[in-house]
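Could you fit the two chains together into a complex? Lean on the hints.
As a plain string of letters, each chain reads:
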Amino acid sequence: MYRWFLAWRYLLQRPINLLGVIAVTLAAWALVVVVSIFSGYIVEIRRHVHATTGDVVVNRLPVECSFARIAPVLLADPNVAACAPRITWPGLLHPTGGVPAAAARPDSGEDSRFVHLIGIDPQAELAVSGLRAWLRAPERPELRVAEAELLRPAGGDDDPVPSILLSERRLAVEGLQPGARVDVTCTRLYTERTQSVELETVRLAVQGAFGARFVMFDATHALVHIDTMRALLRMKVEDACNEVVVALRDESTAVETAARLQRALADRLSVRDVGVYTWEETNALFLSAVDHQRSLFKLILFVIMVVAAFLMFATLSMMVTEKVHDVGILTAMGATRFGVFQVFLACGLAIAATGAVLGVGVGCLTAVNLDGLNTWLRTTFGVDLFPTRIYNLEHVPFDLDPAWLLQVAGMALGVGAVVSGIPAWLASRHDPVESLRNE
Amino acid sequence: MTELLAARGVTKSYWLGKREIPVLRGVDFAVEAGEMVALLGASGAGKSTLLHVLGLLDAPTSGEVRWNGEPVHALPVRRKAKLRHQSIGFVFQFYHLIPELTALQNVLLGQMMFHTPLAYLQRRQAIRARALALLEEVGLGQRLDHRPAELSGGEKQRVAIARALIAEPRVILADEPTGNLDSETADGVLSLLFEINRERGIAFVLVTHNEELAARCDRIVRLRDGRVVG
Numbered sequence: 553m554y555r556w557f558l559a560w561r562y563l564l565q566r567p568i569n570l571l572g573v574i575a576v577t578l579a580a581w582a583l584v585v586v587v588s589i590f591s592g593y594i595v596e597i598r599r600h601v602h603a604t605t606g607d608v609v610v611n612r613l614p615v616e617c618s619f620a621r622i623a624p625v626l627l628a629d630p631n632v633a634a635c636a637p638r639i640t641w642p643g644l645l646h647p648t649g650g651v652p653a654a655a656a657r658p659d660s661g662e663d664s665r666f667v668h669l670i671g672i673d674p675q676a677e678l679a680v681s682g683l684r685a686w687l688r689a690p691e692r693p694e695l696r697v698a699e700a701e702l703l704r705p706a707g708g709d710d711d712p713v714p715s716i717l718l719s720e721r722r723l724a725v726e727g728l729q730p731g732a733r734v735d736v737t738c739t740r741l742y743t744e745r746t747q748s749v750e751l752e753t754v755r756l757a758v759q760g761a762f763g764a765r766f767v768m769f770d771a772t773h774a775l776v777h778i779d780t781m782r783a784l785l786r787m788k789v790e791d792a793c794n795e796v797v798v799a800l801r802d803e804s805t806a807v808e809t810a811a812r813l814q815r816a817l818a819d820r821l822s823v824r825d826v827g828v829y830t831w832e833e834t835n836a837l838f839l840s841a842v843d844h845q846r847s848l849f850k851l852i853l854f855v856i857m858v859v860a861a862f863l864m865f866a867t868l869s870m871m872v873t874e875k876v877h878d879v880g881i882l883t884a885m886g887a888t889r890f891g892v893f894q895v896f897l898a899c900g901l902a903i904a905a906t907g908a909v910l911g912v913g914v915g916c917l918t919a920v921n922l923d924g925l926n927t928w929l930r931t932t933f934g935v936d937l938f939p940t941r942i943y944n945l946e947h948v949p950f951d952l953d954p955a956w957l958l959q960v961a962g963m964a965l966g967v968g969a970v971v972s973g974i975p976a977w978l979a980s981r982h983d984p985v986e987s988l989r990n991e
Numbered sequence: 272m273t274e275l276l277a278a279r280g281v282t283k284s285y286w287l288g289k290r291e292i293p294v295l296r297g298v299d300f301a302v303e304a305g306e307m308v309a310l311l312g313a314s315g316a317g318k319s320t321l322l323h324v325l326g327l328l329d330a331p332t333s334g335e336v337r338w339n340g341e342p343v344h345a346l347p348v349r350r351k352a353k354l355r356h357q358s359i360g361f362v363f364q365f366y367h368l369i370p371e372l373t374a375l376q377n378v379l380l381g382q383m384m385f386h387t388p389l390a391y392l393q394r395r396q397a398i399r400a401r402a403l404a405l406l407e408e409v410g411l412g413q414r415l416d417h418r419p420a421e422l423s424g425g426e427k428q429r430v431a432i433a434r435a436l437i438a439e440p441r442v443i444l445a446d447e448p449t450g451n452l453d454s455e456t457a458d459g460v461l462s463l464l465f466e467i468n469r470e471r472g473i474a475f476v477l478v479t480h481n482e483e484l485a486a487r488c489d490r491i492v493r494l495r496d497g498r499v500v501g
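First to last, the sequence lines map onto chains A and B. Be aware that the first sequence starts at 553, since it is given in our numbering, and climbs by one per residue. Be aware that the second sequence starts at 272, since it is given in our numbering, and climbs by one per residue.
Quick caveat, the hints were computed from the structure, so don't treat them as lab data. Be a bit skeptical, because a hint or two may be false.
Partial list, derived from the structure: chain A residues whose beta carbon lies under 7 Å from chain B [unchecked claim]:
| # | residue |
| --- | --- |
| 1 | Trp-560 |
| 2 | Tyr-562 |
| 3 | Gln-565 |
| 4 | Asp-878 |
| 5 | Ile-881 |
| 6 | Met-885 |
| 7 | Gly-886 |
| 8 | Thr-888 |
| 9 | Pro-984 |
| 10 | Val-985 |
Note that beta-carbon positions come from the ideal geometry of N, C-alpha and C, so glycine has one too.
So that you can see chain B by itself, here it is in the shape it has in the complex (with noise of 0.2 Å):
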């Protein structure tokens, strides 16, 4: 299978006035296309600062990130962000909706972003229809129009993955996507992201502390104090 996604030998550190933080010491990670990936470690243990180096938003002290087997670190920011928003989607544990927008436009405000505002309003029937049946995919057919805060946890989340999905990646990275919902909710949402693994061929990266979760994915790495140890 195809190494899609891969950090070689990063690490980083933060400072801290002049004292230096590592928070990762030479990691190195892959995930392939279509795989199910668990980061598993305790609190502390960089998993987070990985996913984030991982999906451009952070650079690397040192290393490489590779997409494809190209090496992306280091490419301009408009290269980067253009990477980020075409073939990597995010998840994150508090969702990070936009609190002034309803459920169907934070979906649509990916592809606002994709499109320049000819192209977008061109397209936007079409845009649209396929924002529409995402939501309804993910269970909130009849909540397009509400806004973040008269949705329930796992409903924002949903939401989150929808609007992850549309600009149709290639890896959706997941910090703790679980990690503010109640068991029951946590598990439709998880069941969620496996079927689109299954059904859409996209590769996650599930950062978790759950490892009942991990044991369900493919593969589980173990990062402690910012190190592969499994």
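Bound-form chain A, shown alone (with noise of 0.2 Å):
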């Protein structure tokens, strides 16, 4: 009891520990604050990456694979919910016509020409990815497309065109409307004779926008009716894919359902390469690459934890060296070398509790109250510090993860148990027979 009572007392004399307590506060508020943003961020990031590609993908397959080949193999399996085929393929998009309102965001590819188009079946891909969202997206209610219109040819019964949709940031960059024109260039490998590379080219009408809110796939995708793309590379079959988008009913297991897909693939198909993957794995690179930078931001920001730490250090050492002179008068008492170290150790420990109490509350306030904060910042001072638009959110993000909140107090007592266990134990070695001879 004396311990906690003789360091409250030793702190409350010395305000200069304030210093402490704020730089662990505001050490652990950074950890709390960036890092629930960042996994926020993740957390939306994941959530959009998913709905591009459903679950499961199947790929890798037989050329002109027919669907109805494939599905019942996957729907055969329990843990399968619906699957739709995709024809995906690169091509390059040339408008027809169109003045360019808006400046492409350099790197952002909605300058080039190239797009990465998806064939798909509208009522089949509804049930396996977020297309319903994606059609739901679009800022300006003109681009938005009805379910039951959704890659409806243009132009009529006499002078079908197929339909196209982009997403409404590169509609803007082209300068493109619905109904507006665009050419679409393909490559087909021709195997029937030479297998040389042909050009195949196809106009197709603008009919509106989707927004997948993943910025990388918006900028590079387009949708195209699974139709128009076996008639641009002349594909024979007549339900030809070369990948499936599967949408399970247990998420969890998908990599064990994943593994099943593959088996059963394979011996139906009888071919050994057909590539079955979770969402996670056809995205793998991405994903790793955001987390590997939450990561390099916890270690940057654990960094202002050890600044924190030497502040303690000094203002703790300067305590230990003036105090030093009670260890006499403590032993003298009865006080053993470990229950003086014990004093010391908890000024420590006390200045660490309490700055990571506040840091961590605090930063949950911060996080919770972002999207306030961000506002007022903006309209206060015209800083915006958390540019929503970067990953085409609504608000800032944030995830507060309990584990990591405690990791952060954790870390936060642990690094004050070391910088002070070092000035409380040379205070503990310190002679008390020199200290009672000394005024």
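Take a look at the structure:
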């Protein structure tokens, strides 16, 4: 009891120790706020990335593989809820008219002619990916397409023109409106005779926009009807596809399900290297890059905690130098060396604990009120600290993980224990007789 | 009478590099229960060193320290600390009060050491009442909430005496308790010490170089060059 009482009294009389409290508070606050924002972004990004591919993707299928051959095998698995065919193919996009209205963002891919075409079966696709939400996403109502009308040809029965959906941002960059015409050119491997590459071009009509809320995806992808792709690539098989997107009943067993589907397809199609991947495996590089960035952030922010620790060490060392004379009388009254050590260790732990509680508490409050804070900063100072349009989000995301909060508090206490342990140990080694002899 | 605290053949040396500096050279000393013993000697005679050895604050180089006839100089650190806490009180020339604590808190600190937190909280009213009574007894009933910086030298020494008394020790080791006080204040403090000895039966070992003070005690032990000479 006396250790904590004495530590408390020592700290109360030395306001300079507030510096240590403030330093630990700031470090804990930064670790909570920055990591929670990053984690929130990751949660949102993972959700949007997930929506682009469904739970499981089947690719590396034989050339012009029939969907009717694959679907029963997939649907036979108890964990498969639905599947949809796709034909994905790279192409080049040439608007036939229109004035670009907005400058493309550098390195966004918006100003390149490249486009990754995804040929979809609209009704089947609605059951497996985030297509429904994509159609509702465009800010301008005239760009939104109803599900029932999705990718219906334009131009009427006499002169039907296949439809295409681009992202809202890309439409703005290209200066395109619904009804505008674009030419899309693809390569086609001509396998019948010379296996030479030929180019095929098709004119498409912009039907509207989609928004997957994943900037990289929106900038580089376009949606067309799967029949349009089959015609463009002159596929002979009526229900050909080169990719199948699968929705699962239980996402948590995606890895096991993917392995089962792989074996089933390999047996049925007699093809050993058919690819069956979870959405995380499909986007592993991107997701690991984002996770790696968060880990780097944590490491960098931890340096702030180390700086706070040095400040604590300096102030506690000063205090121990002043108070070392108390060692004599404490020993005379019955304290052991360990007891003396604990007095000064308690000082450090009190500073660290106070800073940790304040930092984590204020950090949580900041995270929860980020949107309001961001709006206030923007309207008052013109500073957009958290530009939500970077990841095309409506609000500043955050994800407060209780495990991380405990880790931050633990780090603060651990660091406090280490840096206060050294001066505390030095104090406990001081000769009590020497301090009793001196005034 | 019972021999309470004794040193038998105690030597104490310090090392300055490779040079050995003997301070105590085979000291035999004892204090009996309720006795007031003056330890007299010139500066550098080894009085304070003997006091520290008797109080188990410093280990003898050779020889024994006995408590109630039992050797205690080689006890584990914790048991020595407990013995010091429960049975031996200290009063020093420079008071050695904790500056951050009030007079009352300085007195209570020892009891906080003695009890577990729960036990202290359960007994805190009784402990506080005893501390208040002690401070009243030493004449500081009106200065409870003053910190050492706000007290005079004599008042500080009275707080130190109250602090030594709260554990109800059987012997108090006082190292030049009036060495830093003016004569009038010193007389007051000494009178208090003698009164405590008389009324509570607590033994005292009083280190001093003052012959007049020594003459007031039950017995005088003279130290010269680390040896008992009378």
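Hints breached by this structure: Result: hint 1 breaks, nothing else.
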